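Q: Below are the chains, spelled out letter by letter.
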Amino acid sequence: MADPQPDNLLEVRDLVTAFDTDAGQLTAVDGVSFPVPRGRTLGIVGESGCGKSVTAMSIMRLLPQPMGKILSGEVLLGDTNLATLPRNEMRSIRGNRISMIFQEPMTALNPVQRIGQQISEVLLQHQDISKAEALDRSVEMLGKVGIPSPEIRATEYPHQLSGGMRQRVVIAIALACGPELVIADEPTTALDVTIQAQILQLINDLQRDLGMSVMLITHDLGVIAETCDEVCVMYAGRVVERAAAKEVFANPRHAYTQGLLNSIPRLDGKPKTELNIIEGMVPSLSELKAGCRFAPRSGREHKGHLLTERPSFEEIAPGHWVEACPVCTRA
Amino acid sequence: MNNGQPILETDHLQMHFPVKGGIFRRAVASCKALDGVSLSIAPGETLGLVGESGCGKSTLGKTIARLYEPTGGSVKFEGTELAGLPRSELRPFRREIQMIFQDPYESLNPRHTVGAIIEEPFVIHQMGTREERRQWVADLLEKVGLPAAAAQRYPFEFSGGQRQRIGIARALALKPRLIICDEPVSALDVSIQSQILNLLMELQRDLGLSYLFISHDLAVVKHISDRIAIMYLGKLVEMGDSAMVYENPRHPYTKALISAIPVPDPTHVPERQVLEGDVPSPIDPPPGCAFAPRCPVRVGDECTLRVPELVEMEPGYWLSDCTCCVTKDASKA
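Taken in order, these protein sequences are the chains called V and W.
Take the first sequence: its position 251, counting from 1, is numbered 250 in numbering that gives the first Met the number 0, and each next residue is one higher.
Take the second sequence: its position 234, counting from 1, is numbered 233 in numbering that gives the first Met the number 0, and each next residue is one higher.
Take every hint as true, because none was put in to throw you off.
Computed beta-carbon distance windows for the label pairs:
hint : chain 1 : residue 1 : chain 2 : residue 2 : range
1    : V       : S91       : W       : V27       : 46 to 56 Å
2    : V       : G318      : W       : H267      : 19 to 29 Å
3    : W       : D205      : V       : E73       : 47 to 57 Å
4    : V       : E314      : W       : E311      : 52 to 62 Å
Since the hints were made in silico from the structure, they are not lab data.
Nothing here was measured: the structure is a model prediction, and the numbers come from that model.
From the three backbone atoms N, C-alpha and C, an ideal C-beta is built for every residue, glycine too.
Only chain V is shown next, with the shape it has when bound in the complex (with noise of 0.2 Å):
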């Protein structure tokens, strides 16, 4: 965390991705910009429905088709843009350079489909190997995620593992060719906490080694204070925050931060006091306004040009960035 301008593997600038649904198209994504660093864990983190996983979604262009697609913006590796590339020119970079890590452990994988198998399909589509080889590397991989008798495990199917095992598989998976970024949805949120320690710490030694980027999708502030070094805190659509982790958890400069970090229980708290809260929901898709979205839930009253022009992202501090409603970052 050193040095403060570190040079950035992949930038998201104004993304907008929305759905066509019999109510009219849904905007989930409304302009959404980030970098990803080089070798650093980026979070995101937000509640359900704040467009987490379809901003990640977006930049692997999986999104579901023919309903979901992306409005406007770029995606940008290097000089390529993936939010326009061709399909199969998108396929020989999905699961090579950029890869993902799903949320359930048993539906990302293919329950009739031995593991080893399941891992040399990535090598074989993206590298120029035998099978043989590919089975070879496979149990390779296997053995780096941590699984115990990995030639053993590699001719077992999915069902024989333990959630924690199947996630490394996931995990093995990802990492299978080597990617710059992996993108990391919710990995261990369908996990027991003792088990989430295991990925966690697996996925940053990972990184560590083999120095790649990972962006982390969570909802779970914990989590993020404790692998990542960027984060960005999203809500209704929009990044309404994003700096250094320290920087977020220490001087959190938007309500719905501030919110959302004053509402959890903590372990040093004060027992069977009353914790704060945030008023309200997050709101549906269908009913999002221009203006300051948070405005609603804030307890701040909000006038005019506020509710219907939208608060410009505002760089408050080096490398800390704002959703400026003034409003909502009032002190």
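Since the structure of chain V is provided, determine the placement of chain W on it from the hints.
A: For chain W alone, coordinates are given in the frame of chain V:
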């Protein structure tokens, strides 16, 4: 704290499910979901129950509510034995013990209006006239912070947090004394979670309820509970005052569990004790201390030879008497 009679007391409660196999579907083994659980809850108290998935937390809740008939041990509600009681005699106790479930999407009948859902307990217990019941439903909705108009609407029209409020209103309908909260906030977003926790604490203050609060989230449990019990593979391993268990855990599993929780503070340097392996299967639990295969301070053969018991080490503080916990110097990993 425990002056007078506890509202609920279990003694060596057992729930073994048969595992069927072979062509005749005979019981070939048993799944020891609860294997001798003893605990008590005082009036107006919250006992938090923490453990990982598959450790038997939910089974304990359901067995206490007599949704399962226990296969051994006793459950006493204010001194009356519930285990083995026939259905008809159980009915009055059904009013006293209610449950709130984890998934607010699946625990409400989608075809009933919210009013009908909350009214159902009154109908089952043949209480009040239609007009009275309507008034009670409106009162309950108000108590949990929903508008009276919600009674005419269907569950799908509500968000997760609001549905959980509906579930709470239903649980409160018969004025129970004990509510078993089975992961009531696990499916909710952070900002909604704190709203529901506040509601539960407020209702407890106003109505003098007792809670058995089941969760895998130790931070949530610690916040809401007076006492905490830690469960591992069908057995309690440590139980005591919540601050005491958290600040000075003595069982190696409790220590690992507490150290595994990510702390929302980037300046905090975790002294993490990452446990190896997974929770073993309750069908074929390891011999002796069930935690031994993962235990970082395993002493040796003794651990696999003797099944540890939960004993009261000091008044109100219970600990599994496995060798590694009891020997003080070995407990420092």
